[in-house]
Amino acid sequence: MTALSRIRNFSIIAHIDHGKSTLADRLLERTGAISERDMREQVLDDMDLERERGITIKANAVRIDYTAVSGVAYKLNIIDTPGHVDFSYEVSRSLEACEGALLVVDASQGVEAQTLANAYLAIEEGLEIIPVVNKIDLPAADPDRAAEELAAVLGGTPEEVIRVSAKTGLGIDELLEAVVDRLPPPDGVEDAPLRALVFDSFYDSYRGVVSSVRIVDGSISKRDAVQFMATGLDVEADELGIRRPALEVVDHLATGEVGYLITGVKEIDLIRVGDTVTHTARPTEQALPGYQEPKPMVFSGLFPTDGDEFERLREALDKLRLNDSSLVYQAETSRALGFGFRVGFLGLLHMEIVRERLEREYDLDLVATAPSVAYRANLTSGEQVWIRSPQDLPDVSKLDSIEEPFVKVMIITPSEYIGTVMDLVQQRRGLMGEMTYLSPERAELHYRIPLAEIVFDFFDQLKTRTRGYASLDYEPDDYQASDLVRVNILLNGIPVDAFSTIVHRDKAYPYGKAMVGRLRELIPRQLFDVPIQAAIGTRIISRETIKAQRKDVTAKCYGGDITRKRKLLERQKEGKRRMKMVGQVEVPQEAFVAALKLET
Amino acid sequence: MESPVAGRQSPDDGLSYRSPAARYQPDSAEVAQAASAWRSGYVHVPFCARRCPYCDFAVVAADEAGGGETDRYVDALVAEIGMETTPFRLGSINVGGGTPTRLLPAQLDRVLESLEARFGIEDGAEISIEANPEDWTDDVARTLRSIGFNRVSFGIQSLDPAVLAALGRTHSPKQARDAVRAARAAGFATTNVDLIYGTPEETDASWGRSIDGVLDLEPEHLSAYALTVEGGTGLSRAVLAGAPAPDPDQQADRFEYAAEAADAAGLVRYEVSNWASADHVCRYNLSTWMMGEYVAFGTGAHDHRNGTRGRNIRRLDAYLAHVEGGDRPRSGSERLDAFETERERFMVGLRLAAGVESGAIGGPFLASAGGKRLADAGVIGTSGARVLVLEPLLTDLVARSVLSVSADDC
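Chains F and G supply the protein sequences, listed in that same order.
Per the numbering used here: the first sequence ends with 1927, consecutive numbering throughout.
Per the numbering used here: the second sequence ends with 513, consecutive numbering throughout.
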């Protein structure tokens, strides 16, 4: 047996909460990679945020040694993938380092849209897939149904599905045997010039850029002079290693192996994910096919509550970008909110995670504007401009048409909710595509829908309407012209860019009315009457007034108890929500967030 | 019974209580400034026939108190007064509650006697008592006048029976009118009427009738308070359970009506909620708002002496146990530093129609972002070296803005 034939590289694909991390932990434990005593729950998930949300954001690879029933010793590399569609770019690059994947489905939940999307990615990459039904120990488990669904999706038989409980360890041995039996070994050429794929990269403040690499052809040793082919960067391999899951330094990574490479490079931009590493002295002629750069899909303005924090926000974004090259941002000025950044995200989850990390890890207090998409405006001059913020939209007189991005949406739902799902999608200007039944109880629906219609609360609505049973996935489609207008919200006569939005003309009035009504509830009464208006251009489409506050005094001074009076005032002052000045109007921070949760 | 106020000299501030030679307007800056030097005493009587749903004072309802409680309590008051080591002469005395008239005149007399003995009482001092109309007979009025009380404050609250019922008050509108007349007949120099507006059961019309009806009685002093939902009261529990809460806009309307009517009746508003005719400001209240010094006795009573604010134990049994054991019944005190004292002087002084001397904090406050906005909106203004709240119903909003000024700003 060759060394290559004793390697298996695979990913675990699973929906959030379907037990991917627990399964990885169990595989590590069963193969002795980690003792039960050291067992930290969910070893692969590093960051607190990931742990809290049950998602893996950064790709990780862990090597375990496994001696099969046949007596052969294998090296198994588990390459972790993010579970969410926002990170499908990262998923596909992780999958490119694998030959196989475990497709894990919760025995009580069945197949979910995101899992399926990632499974399709894996199939497209030509990966061998082992279907796994997890959590078979749970009382609500229906392993047979889940196995049938998996078989239907993958075109196999239910008998091929491995049934496990990652929690109790049931079925893990069978799964490990299936990994070595059913997944193919890597097929690289050991004596060819080095070709190593950079499938992940992160920044460590002490070591500089650390790259996860998969050796496709040839091999790499410590101190080798290597080149990153896309940037032409020539460096030395300072350190090579693997994770087991603790870091272990090695002298050599052979064909088919997965590990990390440190070169001392400090600038993350010089080492691109998807790049090929080769030897400077004996370079390969053919670089590996790279990855497509991910394009930001959703944009939002981020503004520090305290204007003095602008520079800190810039520094924080710069630091985040070291580990997240998909993050794009540029400085933006808002009349209402001051200096901030227009930030592009891969999707809604990505947006939420970035915002939370900025607030939590960098202790920033942020106001985020309504998420929007990138529109394309065709001007009467024949020019075409990108509209990433409603403020960028030129005057109507200069506009010929506005195009908006569409996405292809896949929804998996129990059959009984098909009606309400269709209803929701129609409200959001969705165009029905095909519908297939996975089983008599579950259907897969395909739609084409403007991205702008799903960036708000589409997912929440879908969950609410289907009691949490439906799942959603989407991928970008093309741009298409729509009848779009900008609705401005004016507070005391001043347009508040944070609340203005570009919407379909049919939705302008309901949006304006709802936003104006919402703000009237959210903004406390001021020292003077404050009109709130919604307008398209100069035309006011909705108006409300917050009447001036007239009474804010308690009558008595509590019979000489001045202390109590003062303490009461102090408490009220502390309890007063944090305010942001918009012109002369005090707007509580929460108003921005709450108003933007608006359902249109 | 001999009155302890007979034959005393005028207070030395020249603003003698009811001195016809020096009539002063209640809202004058001079009287406000003089009040900061006045020294007063407060005596708390916690007993009530029952607890009113909006009240959060230290109160013991009759059915909560055992027999003989009042004698024991008066003994304790006298003992507490006797513990004073550095007495000063009192320019005003206020006996409040609770319901002070739950004590017998003889018991009240003992309290006044002990104050006179320990502190001394200025000639012409204001000696005031709070009373419920239903307790106030001609006989009670005459007796209390004879032992030295010259000011009475009636908790009339409203002349609308529906509002009285909602507030848990048991007197009738007629009893209210009779009480005021009886006080006047007995020779009380000042009669105050307390009113509460904005009870959800009240209407604009019924409030109009209450105010007009009370002003027809020509009281020398009027206190009109917006109903406030205090935590822990029956009212607050009811509101939490879904009962209607007072509406601030309605209360603002009612305040405006009251202000116009009182003005037409010749009363002058000198504090957020208080009106008086010339020479009839409440000296005790005014001195507490002007950082004057005051001593205080009884459960839950608060004093202010030598820059320290102190408070007594609120619970009756614990209070009695302390005093009977020979200890001062203190539950805590607070000493403010120079800046905090200045800020408090300014904040509380803003409640006065005369405004407050700008002092060290006034300038920085007016220059602060909050101060500027309030001035731009016409909520505050200045008159010479005084800062005034021009919209009295927004006084707390102004006070919170003052709290944002820090020592570094001054």
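Heads up, a few of these hints could be off.
In the EDC-like style, the derived pairs of lysine to aspartate or glutamate whose C-alpha atoms are separated by at most 16 Å in a straight line are [stated by the list, open to error]: (1) K1892(F) with D159(G); (2) K1874(F) with D356(G); (3) K1892(F) with D352(G); (4) K1874(F) with D352(G).
Hints are computed from structural coordinates only; laboratory data are not their basis.
Now the hints, each set against the structure:
1. K1892(F) with D159(G): With Cα atoms ~14 Å apart, K1892(F) and D159(G) stay inside 16 Å; holds.
2. K1874(F) with D356(G): With a Cα-Cα distance of about 14 Å, the restraint between K1874(F) and D356(G) holds, given a limit of 16 Å.
3. K1892(F) with D352(G): 23 Å, violated
4. K1874(F) with D352(G): 10 Å, holds
Hint compliance for this structure: hint 3 alone is broken.
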